[in-house]
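Chains as they are written, first to last, in my numbering: chain A, 1 to 332; chain B, 1 to 301; chain C, 1 to 335.
Treat the hints with care, as some may be off.
[Stated by the list, open to error] Have a look at the derived ranges for each label pair, beta carbon to beta carbon: (1) C:Leu20 / A:Arg138: 55 to 63 Å; (2) B:Phe54 / C:Ile192: 52 to 60 Å; (3) B:Leu274 / C:Leu114: 26 to 34 Å; (4) C:Gly227 / B:Arg29: 41 to 49 Å; (5) B:Asp126 / A:Pro24: 58 to 66 Å; (6) C:Arg250 / A:Pro68: 22 to 30 Å; (7) A:Gln263 / B:Ser210: 35 to 43 Å.
Just so you know, these hints were derived from the structure itself, not from any lab. Quick caveat: nothing in here was measured; it's all calculated off a predicted structure. Idealized CB from N, CA, C, for every residue including glycine.
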Amino acid sequence: MPHPASSQAPGVRIDGLTVVYKTPAGELPAVRDVSLTLEPGTITGIVGESGSGKSTLALSLLNAVQPPGRIAAGSVEIDGLGDVVGLSGERLRKARGAHIGYVFQAAQNSLNPLKTVGKQLLDLGRSHGVDDLRGLVREARELLGRMGLDGARVLDSHQHELSGGMRQRVGIMLALVLNAHVVVLDEPTTALDMITQANILKIVREVHAERGLTTLVITHDIGVVAEVADRLAVMYGGRLVEQGPTREVLGAPRHPYTRGLIQAIPRLVGDIDEARALPGRPPTLATVPTAGCVFRERCALRMDVCETDDPAAVAHGTRIVACHAVKVREHA
Amino acid sequence: MSATLLPETTSTSAAMRRNFWRGVWRVMRRKPSRMAGVVILAGFILMAAFGPLFYPDHLPSDPDSISRPPSWEHWFGTDPQGRDVLTLVITGSRYVLLSAGVTALITVVVGTAIGLFSGFRRGRWDTVLMRITDMKLTIPSLPLLLVLATVWKFGNPLQMGLVLGLFGWGGVARAVRAQTLSLRERGFIEAARGLGLSTRHIIGKELLPSMAPYIAMNMLIAVTGAVYAQVGLFFLGVLPYESDNWGVMLNLAVFQAGAMITPNALGYLLAPLLAILLLTLGIVLVVDAMDEIFNPRLREE
Amino acid sequence: MTIIARRLAGHLARGLVMILVVATISFFIVNNIPGDPMAARYEKLIEQGMSPEAAAQGVKVLYGFLPTGTLWEQYTDYMSGLVRLDLGVSVSRPGTPVLDVLGEATKWTVLPVLAGTLLSFLVGIVLGVYAAIKRTGKLGDALAISGSLLHGIPQYVLAMLLVVIFATLIPILPADGPVDILFEPGFNAGYIGSLVEHAVLPVATYALSAYGGWILAMKSSVVTVLGDDFILAAELRGMKRSIIFRYIARNAILPLFTILALSLGLLLGGAVFIEKIFNYPGLGLLLINSINDRDYALMGGAFLLITVAVIVANIVADLFYTVIDPRVRSGEEAR
Numbered sequence: 001m002p003h004p005a006s007s008q009a010p011g012v013r014i015d016g017l018t019v020v021y022k023t024p025a026g027e028l029p030a031v032r033d034v035s036l037t038l039e040p041g042t043i044t045g046i047v048g049e050s051g052s053g054k055s056t057l058a059l060s061l062l063n064a065v066q067p068p069g070r071i072a073a074g075s076v077e078i079d080g081l082g083d084v085v086g087l088s089g090e091r092l093r094k095a096r097g098a099h100i101g102y103v104f105q106a107a108q109n110s111l112n113p114l115k116t117v118g119k120q121l122l123d124l125g126r127s128h129g130v131d132d133l134r135g136l137v138r139e140a141r142e143l144l145g146r147m148g149l150d151g152a153r154v155l156d157s158h159q160h161e162l163s164g165g166m167r168q169r170v171g172i173m174l175a176l177v178l179n180a181h182v183v184v185l186d187e188p189t190t191a192l193d194m195i196t197q198a199n200i201l202k203i204v205r206e207v208h209a210e211r212g213l214t215t216l217v218i219t220h221d222i223g224v225v226a227e228v229a230d231r232l233a234v235m236y237g238g239r240l241v242e243q244g245p246t247r248e249v250l251g252a253p254r255h256p257y258t259r260g261l262i263q264a265i266p267r268l269v270g271d272i273d274e275a276r277a278l279p280g281r282p283p284t285l286a287t288v289p290t291a292g293c294v295f296r297e298r299c300a301l302r303m304d305v306c307e308t309d310d311p312a313a314v315a316h317g318t319r320i321v322a323c324h325a326v327k328v329r330e331h332a
Numbered sequence: 001m002s003a004t005l006l007p008e009t010t011s012t013s014a015a016m017r018r019n020f021w022r023g024v025w026r027v028m029r030r031k032p033s034r035m036a037g038v039v040i041l042a043g044f045i046l047m048a049a050f051g052p053l054f055y056p057d058h059l060p061s062d063p064d065s066i067s068r069p070p071s072w073e074h075w076f077g078t079d080p081q082g083r084d085v086l087t088l089v090i091t092g093s094r095y096v097l098l099s100a101g102v103t104a105l106i107t108v109v110v111g112t113a114i115g116l117f118s119g120f121r122r123g124r125w126d127t128v129l130m131r132i133t134d135m136k137l138t139i140p141s142l143p144l145l146l147v148l149a150t151v152w153k154f155g156n157p158l159q160m161g162l163v164l165g166l167f168g169w170g171g172v173a174r175a176v177r178a179q180t181l182s183l184r185e186r187g188f189i190e191a192a193r194g195l196g197l198s199t200r201h202i203i204g205k206e207l208l209p210s211m212a213p214y215i216a217m218n219m220l221i222a223v224t225g226a227v228y229a230q231v232g233l234f235f236l237g238v239l240p241y242e243s244d245n246w247g248v249m250l251n252l253a254v255f256q257a258g259a260m261i262t263p264n265a266l267g268y269l270l271a272p273l274l275a276i277l278l279l280t281l282g283i284v285l286v287v288d289a290m291d292e293i294f295n296p297r298l299r300e301e
Numbered sequence: 001m002t003i004i005a006r007r008l009a010g011h012l013a014r015g016l017v018m019i020l021v022v023a024t025i026s027f028f029i030v031n032n033i034p035g036d037p038m039a040a041r042y043e044k045l046i047e048q049g050m051s052p053e054a055a056a057q058g059v060k061v062l063y064g065f066l067p068t069g070t071l072w073e074q075y076t077d078y079m080s081g082l083v084r085l086d087l088g089v090s091v092s093r094p095g096t097p098v099l100d101v102l103g104e105a106t107k108w109t110v111l112p113v114l115a116g117t118l119l120s121f122l123v124g125i126v127l128g129v130y131a132a133i134k135r136t137g138k139l140g141d142a143l144a145i146s147g148s149l150l151h152g153i154p155q156y157v158l159a160m161l162l163v164v165i166f167a168t169l170i171p172i173l174p175a176d177g178p179v180d181i182l183f184e185p186g187f188n189a190g191y192i193g194s195l196v197e198h199a200v201l202p203v204a205t206y207a208l209s210a211y212g213g214w215i216l217a218m219k220s221s222v223v224t225v226l227g228d229d230f231i232l233a234a235e236l237r238g239m240k241r242s243i244i245f246r247y248i249a250r251n252a253i254l255p256l257f258t259i260l261a262l263s264l265g266l267l268l269g270g271a272v273f274i275e276k277i278f279n280y281p282g283l284g285l286l287l288i289n290s291i292n293d294r295d296y297a298l299m300g301g302a303f304l305l306i307t308v309a310v311i312v313a314n315i316v317a318d319l320f321y322t323v324i325d326p327r328v329r330s331g332e333e334a335r
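Here chain A stands alone, though its shape is the one from the complex (with noise of 0.2 Å):
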């Protein structure tokens, strides 16, 4: 099947997005007024501490948000599909694989661990009312193939049978096998060794480019997305504080987060103690602020105003800050 270039690859707009986890406590916001478009065959990274929302919010572009939790308001439109916070039952379930990739992170087991991969696959197609079933092998054993992998032999193999590095790339060729263009990726790379990393890494870029798709990767680690993204989104607190060109988020950091993000990186030439960590512990769903920012208990611009209320998102030519601080600053 050929590709042809990014002409296919649909935009993905989310607006508004808040999903929010019931718990003893009440209904508490992991992702709280989030608004971020990926822009047709761009990569953008999302980069956040564990518990800072951005799992949730990429589970919500395929509105499968588990239980307690809930998409509670906002949407999220995908070229060709819609809003998919609209979508529910065998829509929903088509849109997602079909229109919708999802690779899980290595370390989790996302196979059958029953079942060869050759035999999943085949679930996949006819769950997908795939005809031709020797197609949809060929085209997996292509996809493997082009990553690098013996595909023939994997499909004959268990999860058990595969290293961390030949499962990540189960997952993305079950992903694009049925010819999906916006793919999500879950922390690619965690729990991969440095070489397998980087491997990975490039197939991302490679596969992205040559099928012309929009993809949105996921990540605690800096590094991976200043390797892949072209766009960089910072969350904090189930908020997104900062957007922008990879390139100028990383070069000059405005949100205090994401200075002290990036200050907290050891770098591999100069002192050691040039890195400086962040003072504090990010928030969990019961401690973070219900009113007033949610970063200002770590934060050294901290104002009055940060108290009471919660910085709007605002656009600074291509960079989007919610930050009274750096507001002050622009208007100053």
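With chain A's structure known, arrange chains B and C on it following the hints.
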């Protein structure tokens, strides 16, 4: 509320204990049936401890009322010797609960000791002990008990408890070993070693407390197992009827009074059966509550 | 294949050791019976005018070893008899070899146990899946509680309650013996009907007492699998619900098959209560009667057979697992 969502590592043990009891209270309150379980269990223990004190050693038999059906005077009727069935159940409870208690104690002490030793030491001792444990678990214990009953008379409740206890520790040993190994895997033991703590301290102050709830649950389960086993042994009639207890009652009711054929003697059969059922119910409810208190995986709401 | 062979060899070795242990226990019990019936028998045969050798042989037929000689000689004597599958002759059924008695009794135990266990397995599994899926709802709760209660009630209590209800209070089912003696044994409607009728209560007892365990085991197994990542992954790939359900079911049921094989082995010995209450002439009743009749050859044989059943069940369970789980097949331990 936050305490239930993420355990605060900094909180002192006193606060943890307070939280623990609050947690117990919450779990109890959510399902009143669990309260009932605690009450039932307490009732049985009181009955076994003090019940027999109200009656003479040899219960009066009334030749005029033999094998009577239930009446106001005798709630569950009388046995073929004219004794009140309810009184028999109460006086018989001491043997049953005493030996069950002894069994549970031995099961848990021996099982925990062997499991801890095995999981803590690992290596050759572990292999040998677990082989023995497996073998013990594989030999069908009821037939073995029956066969042993031909040479060993279980005269008093303590002896009975001892024998059943020595038969029952296998499961607990396996479980405790698994727990010890999983704590070890989580770096528990190495960390304590690193802090320079003695083996005694690690086992007594670190391992045992973290396993205590688990062991307590196993003990309760062992109590039910022990009750069934000994009542069953007496019921089968392979042991001499040296004392009054529920198993002897069942045996006499079924095979002498013909309770399964003549409805007249039904009370004689039903009274010990109901006692066993009630005790089981109490223990199941309490174990259910303990399960939820100590097993965070089930605490999903 | 080599893995299977290696596991099999290990099981056989352990099985042999267990048989040795059980046979040794039997030997010492026979050797230590209070009142020394062996000596009494020997004296009696001599009084009846037998030569000492003939009398000793007569005792050996009943107890498995000669009444004279050292303990070690008696022990080896007993063991060599076992190796030749010579379990001696029953006292309570004069002249009948123990092996024949055991064979006859096993027939009566195996069928009801098999029927009851399979029935409870099927029902328990289906309801267990339901209890797991609806575990936060009222019905799921009720199913789980019913499971723990039935699991907690001892077999003999259940059996007696069933008898009281269905044979005494509402006498619609027989509860005594395996078949009505009115009917001519053979392949005729009356006999078979009577067999089935008599089997209803025992089978129901087996099924009810095992059902609780199955529902609890299946529920916890399904809950574990539901939390596995690959189920969410399949959902996110848009797999059909029916296919996901199959994934869940197959993964969840796997550990239960092992328990099934094991429990079939254990039930052969656990049938004691049910057979005693329903007067069903199986292995369990045989064991009790042999103890009450002081028929030690029969007792030792029954005990041995029950143990062998457990060992065989262990082996079957393990081989089954090896065949069905690809992780074990390729030499990796299942989680």
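Here is what the structure says about each hint:
1. C:Leu20 / A:Arg138: 55 to 63 Å: holds (59 Å)
2. B:Phe54 / C:Ile192: 52 to 60 Å: holds (55 Å)
3. B:Leu274 / C:Leu114: 26 to 34 Å: holds (32 Å)
4. C:Gly227 / B:Arg29: 41 to 49 Å: Violated - the Cβ-Cβ distance for Gly227 of chain C and Arg29 of chain B, about 28 Å, lies outside 41 to 49 Å.
5. B:Asp126 / A:Pro24: 58 to 66 Å: Violated - the Cβ-Cβ distance for Asp126 of chain B and Pro24 of chain A, about 42 Å, lies outside 58 to 66 Å.
6. C:Arg250 / A:Pro68: 22 to 30 Å: holds (27 Å)
7. A:Gln263 / B:Ser210: 35 to 43 Å: holds (39 Å)
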